[in-house]
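J.: Residue numbers (numbering that gives the first Met the number 0), protein chains in the order written: chain U, 0 to 104; chain C, 0 to 510.
Incorrect hints may appear among the rest.
Stated by the list, open to error - Heads up, simulated DSS-like pairs for lysine-lysine below, C-alpha to C-alpha not over 27 angstroms straight-line:
#1 Lys92(U) x Lys30(U)
#2 Lys89(U) x Lys164(C)
#3 Lys30(U) x Lys117(C)
#4 Lys164(C) x Lys92(U)
#5 Lys425(C) x Lys499(C)
#6 Lys92(U) x Lys425(C)
#7 Lys373(C) x Lys89(U)
Bear in mind the hints are in silico, worked out from the structure with no lab data behind them.
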Amino acid sequence: MEHLIPIGLNHYLTISAFLFGFGLFAVMTRKNAIVILMGVELILNAANINFLAFSKYNGGMGGVMFSLFIIVIAAAEAAIALAIVINIFKIFKSVDVSSIDTMKE
Amino acid sequence: MFELPSGAEIQSIIASLRMSVGFFIPEIYLSVLFMLLIVIDLVAKGRKNNLLSITTLLGLGGTTFFIYQQHFMPAGELFFGMYVLDEFALFFKYFFVLSGMLAVIITMADRQFDREVKSMGEYYALIIAMVIGMIMMASSADMLMIFISMELVSFTAYILTGYFKRNPRSSEAALKYLVYGAVSSGLMVYGFSLIYGLTAQTNLINICSELSQHGYDPLLMILATLLILAGFGYKIGAVPFHFWAPDVYEGAPTPITAYLSVASKAAGFALLMRFFYIAIPHGGPAYEDIIGINWVSLLVLISVASMIYGNVVALWQKNVKRLLAYSSIAHAGYLLLGIIVMDAFGTQSTLFYLLSYFLMNFGAFYVVILIANKTGSENLEDYRGLGKKMPLAGAALTVFLISLVGLPPTLGFIGKLMIFSALLAKGSLYIWLALIGIMTSVISLYYYMLIPLNMYLRESPESEEKNMNPGLIANILMAALMFLTIYFGLFFQPLSDFAKYSSAMFGLRLY
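The shape of chain C in the complex, shown without the other chains:
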């Protein structure tokens, strides 16, 4: 049935592989770093120092050099259409490497690790593995690669979530993450198998051409889309695939919570955009469906549900990490708005919003960690009077929260502005969506501002003075993140240009 390839064919396959490896250097470098960290951990076992974390930081910093070199390479498919190098993938490579670095930095600041675990062992190696997985997610051009890279990210995330082995909350979070993750990736693979049945292709571009040439059964297609959305929706944490989010975000180590809520979500969005923009044909006769439902209307439903559910349920939260979890569900809804628009401006605004979300969410979690180091609590009640005891932390957290609401003069305002103007530029069709977005932002103002309210206007129950200064380095980092949030809120041109440059997929621009 299948013939063995001839010698000449094997030669050409090897030549093509060797050619592709040249475009794969950052991933290879990161894999070497991953193994190096495991070896360092073995050699330097038992010594309490920052060797592992510093190596991780420097290593990740070095990656940016290799990624920068890729700007000068031609965009295109590698490894027989499995993998792709384009501006869109490059954007996410920077994004994930930087968020990996920030995750390492805030891990170094978190004192909970000293109490819960004896050694950091494979922790940093797993963070690197997750960075590799997410980079592959953003660059995969084939359903097989999408599945493998997504599982790589999920598996490392399960382990990192349960990293505090003796802590019941951390273990429970890992179990919940695992159960929901396994089910949704199973559903996604079943959806992939249906698409494979429709087209006999696994490459996204081939799927698109096959679907638009031969048409498809709309009912089967909508079923497959729904199943695949279950997988992607779980990664981005959107309603109705959000059940894991609050518990996992609350139970996981805080740096991992920040990392999951920013990087893993962004990886999900990268996949979502690439899959739905590339694989599913737009326009033409095949686009029409009998029941009037297509993937855009599914996304509209998910987006509206996420914005309303996330913002409304957050109103009752007493734990700051849990509050930020619900807010991250709501932010998944806002990010989906940019995808629904489906044009170059929409993609640009989604990427820009991801950048702003990166700064403000990492910043907020960093301050939460610093406060938890001093007070040992993440409860809203225990934030009373902190504005006087930790002035810089209070100010920084307030700035990040204002940015999360989307008020000027912060980066979050520009992000929301771009998303809503992309919606309105599309005409009257999506005005109601923009209205829901603005209304829910107003709701979010209430629960975000509860935190500064507690910090500044309510008195702390205990009056004795403790040393609450988080230390010089922590202060500098916090101030830097706060400064960047405001600076880019005023001078957003470079970020917005970068997002526009990055909206090219497979060397093509949308429309």
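Chain U extracted, bound-state conformation:
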């Protein structure tokens, strides 16, 4: 197995950049509120991977701490977001964000 390149910082960063791109793509193109929130989770996890990778290669614990807090806050956000989406579904019978648009002038 000696011909394989060892995993380095750049591999982590590439994966994180891909995740970020997918997340942003989902947020921009999807109409379903739940899928948009999934895209947001992807973006947050991309940031998590960044923090952990940087933390691993510079020896500090700041990044690990940061990613722990991001995980917790992402969970809280998902709870509030789903509550709001359920309420929206009760009222509008749909979670399509393009159809929930009653206030345009």
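Please build the complex by placing chain C on the supplied structure of chain U, with the hints as guidance.
T.: Just chain C, lined up with the frame of chain U:
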């Protein structure tokens, strides 16, 4: 890889924490108040009275005492560089507590709550939580604290925006606020992770020293700045991160609209100033960028776009809340002008403008609520003839709108004057910015004056006389806000001195 700390180290950590707690009293007090309100709601369930709102008001009033005590404490960092106590933070602590109080007062006046919800339940507790979050935003000295406190404010704001659960407009506003908020805070955190990669630090001062010692890749830095600006720009509601603002401001309960447009915006500005003044190094070789773009030019773009977009689109609005939403986008542009100047006078004028915006915007929304209580509508058409039916409300709204335009003798005039003179004091570089600001203010005159035009010069379609008196307390409050707007417009020295005193960050003065 990481060693466990020894006993002596743990002792010193505990001692440092205990020392820091002494400087954290207002936040602890507010957290206790938050829990107390939830308990009171549980105990006094079902009883229709003002117990919750009065407790909130008194509690918030008590906070000012603890904040006042902090004036005599030395400025500096607490909790291992996570948190900071300085004059700048103190200014915003007063600001947020007072706006929380005003939000409670105008909630008590709003009759829409009686129609839409059965009990006020956790509403007041959430307002307190938002005050805590915003105070922490203004005092955070670390990217981690910035993120956590910003999310605390955002989460409570989502819930408060959708507080009228059965109302489609309120729920839709909550969904829009949530989607844009979640995305922009995700972008901001990704930007933070890039900055962490560049510097291996999360503390703002350490980031600055690390960046200025070792330099940085300008392209990566501008990318990180852009991502972080997405987060801050969303909080202040500036173009191009403004898409949520009109719908959220229109759909949310009106007190929450006023609260978001003043306090949450001010919290965003506090973060913006602290982050860009402290974390990003100014001057020196590292400051130069290959493509000639740095954060100041980004802010100039955002500011110009906000001023033009906000003022021009407001011209077509028929709903007063929506009109005020676009005007608040424009005001974010004016406030950014003070930050672009980047000196002590600029900071002072931004803080002063925030104070004036606080009075006039809360005042305007208060009158809108009182009028909506009587007419049940926020449409411009339904304001016809109100000047005769509600003389005091008409006069007060006119004063607040004149102040929002920036005409003398009101507080808004002094605010705009200070911002533009800060720009001009910087030399010929920013004259064109000041010109755009003045031109767009002239545009804003048209749509603001549509409201008094409807109130005074057009006749109401229905002629029958109804009792339109909003009540004694409401009248006194409205008159007090109107009086303050004019009084401080004439005698602005104390406010301006306070803003100057507050422009010190981390115990340092800018330049």
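J.: All hints are to be evaluated individually against the structure, with a verdict given for each.
T.: Taking the hints in turn, this is what the structure says about them:
no.	hint	verdict
1	Lys92(U) x Lys30(U)	holds (15 angstroms)
2	Lys89(U) x Lys164(C)	holds (10 angstroms)
3	Lys30(U) x Lys117(C)	violated (33 angstroms)
4	Lys164(C) x Lys92(U)	holds (14 angstroms)
5	Lys425(C) x Lys499(C)	holds (18 angstroms)
6	Lys92(U) x Lys425(C)	violated (56 angstroms)
7	Lys373(C) x Lys89(U)	violated (31 angstroms)
Of the numbered hints stated above, those contradicted by the structure are hints 3, 6, 7, listed in ascending order.
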